[in-house]
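Given next are the chains, with one letter for each unit.
There are 2 protein chains.
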Amino acid sequence: MGLVAVDWGTSGFRAWQLDGTGRTLARHAADRGILSVDGGAFEAVLRGQVGQWLDPRRCSGVLMSGMIGSRQGWQEAPYVPAPAGPAELSAGLHAFALTDGLPAWIVPGVSARAASGVRDVMRGEETQILGILPALGAGEHLLCLPGTHSKWVTVRDGRITGFATHMTGETFALFSKHSILARTMPGDTGDFDTSAFEKGVRRSGEPGGLLHHMFGVRAEVLVDGLAEAATRDYLSGLLVGHECRAAAAGRTVHLVGSAALTARYQHALAMLESPTTRHDPDAALIGLVHIARSRGLLTGRP
Amino acid sequence: MGLVAVDWGTSGFRAWQLDGTGRTLARHAADRGILSVDGGAFEAVLRGQVGQWLDPRRCSGVLMSGMIGSRQGWQEAPYVPAPAGPAELSAGLHAFALTDGLPAWIVPGVSARAASGVRDVMRGEETQILGILPALGAGEHLLCLPGTHSKWVTVRDGRITGFATHMTGETFALFSKHSILARTMPGDTGDFDTSAFEKGVRRSGEPGGLLHHMFGVRAEVLVDGLAEAATRDYLSGLLVGHECRAAAAGRTVHLVGSAALTARYQHALAMLESPTTRHDPDAALIGLVHIARSRGLLTGRP
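Chains as they are written, first to last, in our numbering: chain A, 179 to 480; chain P, 179 to 480.
Any given hint could be a false lead.
Derived DEER-like restraints, expressed as beta-carbon distance ranges [stated by the list, open to error]:
{"no.": "1", "chain 1": "P", "residue 1": "427", "chain 2": "A", "residue 2": "293", "range": "21 to 27 Å"}
{"no.": "2", "chain 1": "P", "residue 1": "278", "chain 2": "A", "residue 2": "383", "range": "53 to 59 Å"}
{"no.": "3", "chain 1": "A", "residue 1": "259", "chain 2": "P", "residue 2": "450", "range": "52 to 58 Å"}
In case anyone wonders, no lab produced these hints; they're calculated from the structure.
Owing to the predicted nature of the structure, the values given are computational and were not obtained by experimental measurement.
A virtual CB, placed ideally from N, CA and C, is assigned to each residue, including glycine.
One chain only, chain A, in its complex shape (with noise of 0.2 Å):
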């Protein structure tokens, strides 16, 4: 018997139908995140990507992770205190069943509180990194995992025991869309402009803080003659250069995500003196194959 793995995040919904050792027979992806599932139908939707995969007599069941053990999800699968390794995750496992009797499982979150007091919470990150633990061994190391809510996170000796979640990619998609910079910001051609993307990075080490660096992408254009086309990258440069100096202080980062975003990230990060080392963009579902097997979810045989 086979498994069906699901990362299925705010935005995005990436699936892996798995056979019984394992082994990755087919994958989905769509742009079909919780966001975009009206009414609680997550099984409406789920059966409409992978419907194929969930065949009973083949598929032993359903293993998901992500913003869809969230309120605003599929079940609440509740939080699992740092620190946090596979242990603790297996165990927190959140098991329902589909309308048909196929059993579900949904890994849960992880939350840690800062040494101010102040609580953080993740949900699909934990997995990815389960997935990189193999390459990054003994010790303590600094993880960053970029996007909609980045999180860096300490992992000392296979478990995570620390983490801040920065609102960088929100605040990118909020102000190129939505603010005053927007007017003078062009659509994005998916273009890199390396050296508008420097500038910003740059920019965020001077004084004054992010409410006042972010003025500037607009007041350039209309005093300075920064380019309309340019302001896109600043403003990301901006934003990612205000994380890192942040979060990284010049420490060696393992970074996990899509390779267009890392490498924006390893960018910035190599202006700030960090050495970095780029993992697996797909370490959800090395988590995911971890996890069934340490809970006996996988048959072993194909």
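Let chain A serve as the given structure and place chain P on it in line with the hints.
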């Protein structure tokens, strides 16, 4: 002959009917900022709001300040570079005429260059500043004009010598309406939750940076049971706290703006041990009258 004075900003329209001595005969305000004006119909909106004041037998023209002089406004009034005082602003008036020949003038904005070389711009605040110059006297003063784009301005011996814009109000609006924080944030009741605001101001002084601190507004609701009703003023305190820490640095601050907003800044600045003075919220009118006098636009007779 009298004059019509208008402070026409991004979101608001305020007008005063003045007699020949500069005394206010009537005042009018509406939510008809330049963003609400479609297709460049500024004259139609002006006449719709205060058309009865624009009789050429009793009115010598209309004197305007604010974003109405921006690229997105009626006519672009070029920026005057700092240092700029009453003489430079009066000399820089942009003159044109309404369709019936009635004269119109727009006060120029001011541009400045920070020590880092980055430009900044203001429109409308320069006129408010003219209005409080008599209350400041000689020497160097730090002013804060809070709002969508807060201005922190250095005035020396009656002239604007430099300033920095912080996108505090716009960031608050975007995050409270469109971000993931909005999902656990109720609408504005008009109440001021002092304790939540103070919590935000204190948090702004901890390590991690603004992009991280903002996510805490969500995490503390999810995990630590922060009341959803408290998230609005917590976010407000966080943003105002970041702004004031970057801009005030313990110095005495002269606040110019609405009573509700300057009270909020006064509260935060007191926590950061910056003494404050609040000035006349009608500073724009006083500044416009000053410019009208210096350019001979008022006859001197009632």
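What are the numbers of the hints that this structure violates, sorted from low to high?
As far as the earlier hints go, only 3 is violated by this structure.
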